[in-house]
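For the sequence shown, our numbering begins at 1 and goes up steadily by one.
Bear in mind the hints are in silico, worked out from the structure with no lab data behind them.
Misleading hints may appear alongside valid ones.
Straight-line distance between alpha carbons at most 25 Å, and here's what the computed DMTMM-like set of lysine to aspartate or glutamate pairs gives [stated by the list, open to error]: (1) Lys410 to Asp382; (2) Lys535 to Asp181; (3) Lys308 to Glu38; (4) Lys557 to Glu537; (5) Lys308 to Glu403; (6) Lys366 to Asp355; (7) Lys490 to Glu537.
Note that the structure is a prediction, hence the values are computed from the model and not measured.
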Amino acid sequence: MPLNPRRMVVVGLDFGTTYSGFSFALISEPYKINSFFEYPNSSNLYPKTPTVSYYKKVPGHEDQWRLNSWGFTARSEYTRDMAKLTKEQRRRKHSGAQNDNAPLPEVGRYITKFKLYLANERMARVPLPSLPAGLTNERVITDYLREMGALILKTLRGQYRNLDLTNDLIQWCITVPSIWDNVAKSVMKDCMVRAGLVSGTDDSHLSIVLEPEAAFFHCYQHLHESAITVNDKILIADIGGGTSDIVVEQVVAIGQSSYQVKEVTFSSGGLCGSIYVDQSFIKFMIQSIPCLDGALDQQPSLYASLLKEWDEAKASFGDLTRSNRSTDISLHYELLNMMKPYASMDNDVARALNDGLYEIRYDQMKSIFDPIINQNLTLISDKLREVQGVTVIAVVGGLAKSEYLIQCIKRRFSSEVRHIIVPGNPVSAISLGAVMSALNPDTIISRVSKKTYGVECVEEFKYGVDREDHLQVINNLRRCRNRFHIYVRKGDVVNVDQCISKTYYPARSGQTTMDVTLFSSENTNPRYTDEPGVKMEGSFTIDISGDMTLDEKRIVKESLYFGRSSLELVAEPVNFFLGSQGPNQLHLPIAEGFV
Numbered sequence: 001m002p003l004n005p006r007r008m009v010v011v012g013l014d015f016g017t018t019y020s021g022f023s024f025a026l027i028s029e030p031y032k033i034n035s036f037f038e039y040p041n042s043s044n045l046y047p048k049t050p051t052v053s054y055y056k057k058v059p060g061h062e063d064q065w066r067l068n069s070w071g072f073t074a075r076s077e078y079t080r081d082m083a084k085l086t087k088e089q090r091r092r093k094h095s096g097a098q099n100d101n102a103p104l105p106e107v108g109r110y111i112t113k114f115k116l117y118l119a120n121e122r123m124a125r126v127p128l129p130s131l132p133a134g135l136t137n138e139r140v141i142t143d144y145l146r147e148m149g150a151l152i153l154k155t156l157r158g159q160y161r162n163l164d165l166t167n168d169l170i171q172w173c174i175t176v177p178s179i180w181d182n183v184a185k186s187v188m189k190d191c192m193v194r195a196g197l198v199s200g201t202d203d204s205h206l207s208i209v210l211e212p213e214a215a216f217f218h219c220y221q222h223l224h225e226s227a228i229t230v231n232d233k234i235l236i237a238d239i240g241g242g243t244s245d246i247v248v249e250q251v252v253a254i255g256q257s258s259y260q261v262k263e264v265t266f267s268s269g270g271l272c273g274s275i276y277v278d279q280s281f282i283k284f285m286i287q288s289i290p291c292l293d294g295a296l297d298q299q300p301s302l303y304a305s306l307l308k309e310w311d312e313a314k315a316s317f318g319d320l321t322r323s324n325r326s327t328d329i330s331l332h333y334e335l336l337n338m339m340k341p342y343a344s345m346d347n348d349v350a351r352a353l354n355d356g357l358y359e360i361r362y363d364q365m366k367s368i369f370d371p372i373i374n375q376n377l378t379l380i381s382d383k384l385r386e387v388q389g390v391t392v393i394a395v396v397g398g399l400a401k402s403e404y405l406i407q408c409i410k411r412r413f414s415s416e417v418r419h420i421i422v423p424g425n426p427v428s429a430i431s432l433g434a435v436m437s438a439l440n441p442d443t444i445i446s447r448v449s450k451k452t453y454g455v456e457c458v459e460e461f462k463y464g465v466d467r468e469d470h471l472q473v474i475n476n477l478r479r480c481r482n483r484f485h486i487y488v489r490k491g492d493v494v495n496v497d498q499c500i501s502k503t504y505y506p507a508r509s510g511q512t513t514m515d516v517t518l519f520s521s522e523n524t525n526p527r528y529t530d531e532p533g534v535k536m537e538g539s540f541t542i543d544i545s546g547d548m549t550l551d552e553k554r555i556v557k558e559s560l561y562f563g564r565s566s567l568e569l570v571a572e573p574v575n576f577f578l579g580s581q582g583p584n585q586l587h588l589p590i591a592e593g594f595v
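Using the sequences and the hints given, assemble the complete structure.
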């Protein structure tokens, strides 16, 4: 969809499970796309900040919380507060002042991985802690987006001092995993509105882009260097913090500075990103260090300390030819103190107490990585089996920093494709690609529908075909209620900006309103809207009482538009005029890709 001429800047926002970041560009300078690296309290330049928030109670209100800090600042302030609490508890214990009535240093709630609250419940595999009373998933996401948005606006105003930038001059492109359902995407849109970043009445401010599709835009410059040709099929593996998304695009045209592609099959994926490797690491450490499970309960900040050390080790592990190389994890002094009683029972613990490092052998590192790596290899393999003739695999996302992952992918698939590439700065690929997708709206010419879409209507009852419980007599005619009138089937190729229209009539004489309801199904040929697997996506009611002359011969055209900033269902009169002006369209936030 072409950009609104009022917009001056495009922002690509990668709201990730473990880290989030943004990129931006002036619409007038589309080739100057910038990633942001200077997040508050970051110890080095990095294009993302942790997706974490630190809340503290509102004084005097037990169930009210205020956001204290976010990102790197939240991590450091939570660690600081935990250290103060531990120090005071130890002082009281050693001084015999356990009954001291003075309040202990306050420690709030440190919330992580909250993006996964939006994952489809049937896919959730990581146990997520329940939020305290007074906080909701939507509130936590909204608060984080509000703070990120404030930083973005401050950055843009500093970068473009000659422009009087406000939110309504920004085109926001937020990325979402391909495995998210419409409900999750709708919540994401609502959170952007509540955060004050976009207007609730103007959908054109916000585009929702599928993460693997955004990755493809970023990868193109590297693919171009690989001398891709028309008809080449490119598999993008976006292996991020929480999700792994796989999509295949086929090149249909190449120009000097532009190209066009079509989606070959609908995207797929799973919950097998880097946090699941982290989870495997923590499980290994708990099994290896006898006191660790209890230590994490007593001092939750040790968890963040361990993961910080693990992040560096995770990225550097990977030389498949050096199986004699071990990995050292630096341990916090508080944990080392707790380990002392176990030194005589465990040689690994004794060695760790000697130098403060816990040694993980190469085979143990493999056992930590392999379950998640193998899931990703299976996703790629399944897609290659589904789509014949893929010539390039491009790997992006947070886990693409892992040498081990890349080596495993190359070893497994180098004989099946011409090139396997990891573009420069794979961590920023999603936010950079989101900006590019907005600046190049005509690149993707068609997509594949992941679901069957249609509307509910009343049709002629067919004996021997329709179920008796759907029989309804209207005006002495036998009708079938709750029929699923299909617009597009799962697996159908749909051109971007394609419109599919169908016409409908009032079901009965004297009808003054008409319900317009959009349904989806995982099945290719659903017959009824109340059968298993069918889901209502949204609805609205139109007033058709403005002109009753034609009565049952009044025609309403219902049009479904694909590939705009959202999936749009529009109802309009053909041979009469509507009554009172009310809503006559439905917008589903599944932008830039169908689900």
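Consistency of the hints with the structure:
no.	hint	result
1	Lys410 to Asp382	holds (16 Å)
2	Lys535 to Asp181	holds (11 Å)
3	Lys308 to Glu38	holds (19 Å)
4	Lys557 to Glu537	holds (19 Å)
5	Lys308 to Glu403	holds (18 Å)
6	Lys366 to Asp355	holds (24 Å)
7	Lys490 to Glu537	holds (15 Å)
Going down the numbered hints, you'll see the structure goes against none, and every one checks out.
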